[in-house]
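Student: Below, each chain spelled out in residue letters.
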Amino acid sequence: MDSEKKNFEDDSLIEKDEAQQTDQADLSESEIQAILEAVLFTASEPISVSQLRSVFDRAISGHAIRAQLRELGQFYDQHQRSFQILEIANGFQICTRPDYAAWIEKFHTRQVRVKLTPSALETLAIVAYKQPVTRLEIEEIRGVNSDSVLNSLIEKGLVRISGRKQEAGRALLFSSSNQFLEQFGLKNLSDLPSVEEIQEILDQSESDLNND
Amino acid sequence: MDSEKKNFEDDSLIEKDEAQQTDQADLSESEIQAILEAVLFTASEPISVSQLRSVFDRAISGHAIRAQLRELGQFYDQHQRSFQILEIANGFQICTRPDYAAWIEKFHTRQVRVKLTPSALETLAIVAYKQPVTRLEIEEIRGVNSDSVLNSLIEKGLVRISGRKQEAGRALLFSSSNQFLEQFGLKNLSDLPSVEEIQEILDQSESDLNND
Amino acid sequence: MDIEKLNSSEATIEPYSIKLDFFEGPLNLLLHLIQQQEMDITEISISAITDQYLEYIELMELLDLDLASEFIVMAATLLQLKSQSILPTTQPDTGENRQFKDRQELVKHLLEYKQFKEAGQALDRYADQNSLTYTRPEIEGVSDWREYEISATLFDLISAFQTVTIRPNFGADDDYYEEIQEDPITVEMQMDFVQRLLTDNKQIRFSELFSEFGSKTEKIATFLAILELVRLQQIMAIQSDHFTEIYLQRKVA
Numbered sequence: 006m007d008s009e010k011k012n013f014e015d016d017s018l019i020e021k022d023e024a025q026q027t028d029q030a031d032l033s034e035s036e037i038q039a040i041l042e043a044v045l046f047t048a049s050e051p052i053s054v055s056q057l058r059s060v061f062d063r064a065i066s067g068h069a070i071r072a073q074l075r076e077l078g079q080f081y082d083q084h085q086r087s088f089q090i091l092e093i094a095n096g097f098q099i100c101t102r103p104d105y106a107a108w109i110e111k112f113h114t115r116q117v118r119v120k121l122t123p124s125a126l127e128t129l130a131i132v133a134y135k136q137p138v139t140r141l142e143i144e145e146i147r148g149v150n151s152d153s154v155l156n157s158l159i160e161k162g163l164v165r166i167s168g169r170k171q172e173a174g175r176a177l178l179f180s181s182s183n184q185f186l187e188q189f190g191l192k193n194l195s196d197l198p199s200v201e202e203i204q205e206i207l208d209q210s211e212s213d214l215n216n217d
Numbered sequence: 006m007d008s009e010k011k012n013f014e015d016d017s018l019i020e021k022d023e024a025q026q027t028d029q030a031d032l033s034e035s036e037i038q039a040i041l042e043a044v045l046f047t048a049s050e051p052i053s054v055s056q057l058r059s060v061f062d063r064a065i066s067g068h069a070i071r072a073q074l075r076e077l078g079q080f081y082d083q084h085q086r087s088f089q090i091l092e093i094a095n096g097f098q099i100c101t102r103p104d105y106a107a108w109i110e111k112f113h114t115r116q117v118r119v120k121l122t123p124s125a126l127e128t129l130a131i132v133a134y135k136q137p138v139t140r141l142e143i144e145e146i147r148g149v150n151s152d153s154v155l156n157s158l159i160e161k162g163l164v165r166i167s168g169r170k171q172e173a174g175r176a177l178l179f180s181s182s183n184q185f186l187e188q189f190g191l192k193n194l195s196d197l198p199s200v201e202e203i204q205e206i207l208d209q210s211e212s213d214l215n216n217d
Numbered sequence: 012m013d014i015e016k017l018n019s020s021e022a023t024i025e026p027y028s029i030k031l032d033f034f035e036g037p038l039n040l041l042l043h044l045i046q047q048q049e050m051d052i053t054e055i056s057i058s059a060i061t062d063q064y065l066e067y068i069e070l071m072e073l074l075d076l077d078l079a080s081e082f083i084v085m086a087a088t089l090l091q092l093k094s095q096s097i098l099p100t101t102q103p104d105t106g107e108n109r110q111f112k113d114r115q116e117l118v119k120h121l122l123e124y125k126q127f128k129e130a131g132q133a134l135d136r137y138a139d140q141n142s143l144t145y146t147r148p149e150i151e152g153v154s155d156w157r158e159y160e161i162s163a164t165l166f167d168l169i170s171a172f173q174t175v176t177i178r179p180n181f182g183a184d185d186d187y188y189e190e191i192q193e194d195p196i197t198v199e200m201q202m203d204f205v206q207r208l209l210t211d212n213k214q215i216r217f218s219e220l221f222s223e224f225g226s227k228t229e230k231i232a233t234f235l236a237i238l239e240l241v242r243l244q245q246i247m248a249i250q251s252d253h254f255t256e257i258y259l260q261r262k263v264a
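Chains as they are written, first to last, in my numbering: chain D, 6 to 217; chain A, 6 to 217; chain S, 12 to 264.
Hints should not be assumed to be uniformly reliable.
As a list, the in silico SDA-like pairs of lysine to any residue whose alpha-carbon atoms are at most 25 Å apart [said to hold, decoys possible]:
| # | chain 1 | residue 1 | chain 2 | residue 2 |
| --- | --- | --- | --- | --- |
| 1 | D | 161 | D | 104 |
| 2 | D | 120 | S | 168 |
| 3 | D | 192 | D | 111 |
| 4 | D | 111 | A | 142 |
| 5 | D | 120 | S | 249 |
Since the hints were derived computationally from the structure, they do not count as laboratory data.
Could you build all of it, start to finish, from the sequences and the hints given here?
Tutor: What follows is the structure in structure tokens.
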């Protein structure tokens, strides 16, 4: 995937004078940090390290970019800003902290929250953990026809067709999308909760309910 | 950095009454400042002092709000953040500083170029499924002139000229590129979902919509 | 089973064959029953669970819910497993038309399914948590995430309905039908009734809705009205914990 982006930026379409304005050769670390902050500030979605590197014509390493983002996040933490840097969906994003949600909602309309039916949730979990997976494999686990629930997940952009099985039948394979990671606040697929974590989370929610 | 996401113990906040969370009586100055910051951060336009007061149920004076906004702006200045607080059109807004405009523009032009418009996607799909295909054949299917969209796909490296038709006219033939396969995560062309499969998905989505 | 009889004698209910998009499968029903009995999956008694499962299926048929064929296949499988458990040695495994070879296989499958179901619930908590972080405003339109909420599952609703009606031979009393034939209560009327109740009250208890009704037709009509309103996203069914009281409230747009 990175190779495409490289091609895009190598294709000399960038204006000369722009290149002059954004000459990365003599940038200090704090300048790099401020540029990253400005870019993330104007983005409404997570931005990958590769995308951030392209801002500097890839003259700055992914390692250096991560280091600056980490420092920036620490700065926000130390100074108790209302926002933070989150690593989400294979990218970075500036988001407000959960503590401020109630205040923000007093002013802005509450953001519509991902709310899926129990069947959609369990189907999504199967796709996320077993990907790439065929429709038949999903149905075997769920024990029920899953056409319409799978289609509705595709329509919502949470599940995508990721290819075909190489074996006989050449069934379509389904995987989770980047949007799935984004909507559920996951860094990447290895960030999916483990069996133990799942149990912890569910126990926690149960005790929350009982406390009410 | 991922502390917030995993902080499920904190989410008893969700269950609590909202009024409790937003009790302005015992807010410290720095808390007021952080709340103002969160509200401005999530806004796309200038917010008036009166609107900001309403967040605190008008329990905090306009004078106090202005003072906190001034302090916040000074904080951004002192720490050389890439954004600042501007008073525009009888309201306040967090905006990036002009120094970063070139960097931000560089990032956003890249973004736009990677994303495909619906007409580009449609044209790309025709090329992918019908290849090799002439410009005329594409236009017959789409019903509109497709010169510029085809050129932009070639420029992006997603479509390539693959030869000439052997018949009269010897029109140029277009095919999808390897970069196209890479970008869409396909191993080879036979991985493309079949037209019937796409139709099935679309039909299903339509009937879902009609049921609503 | 008197399904035909009910349908032919009850013109007001017949047109309401409710198609439930949020219908969960037979495995989900089995898990529901196991949890209801507070049984450990690995300890389940095939005989007891089969009886409960069949009872449930009968009720769903009686309510004319659009029953997926998978439920019938599972019923057949359970019956085979049950007979196998009664005659363990003399009955050689034919292996035809069944999903699971033996009890062990069923248990294994249920455990796997349960794990994914719980993973889905955990992901739901992630989404909750994630919805508390706000990002910078989007430049383009926000995608529409709305989907009808149903905190209580279909099975929870049916279970609750089961408790407010006479179990387990609900609807088997022939004499009763003579009486309710005249009954003018329709599903539409009950939809209207429930909605009107919800304009005056923020929440109503599911069980209260039934306590004041006399006839079974009324109860069925009320129940179908609730399902229909949930499906039409007019109301929400909320349950704070498994098998506790279900509350109904108006769906906030």
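Student: Checked against the structure, which of the hints given earlier come out wrong?
Tutor: Violated hints: 1, 3 and 4; rest satisfied.
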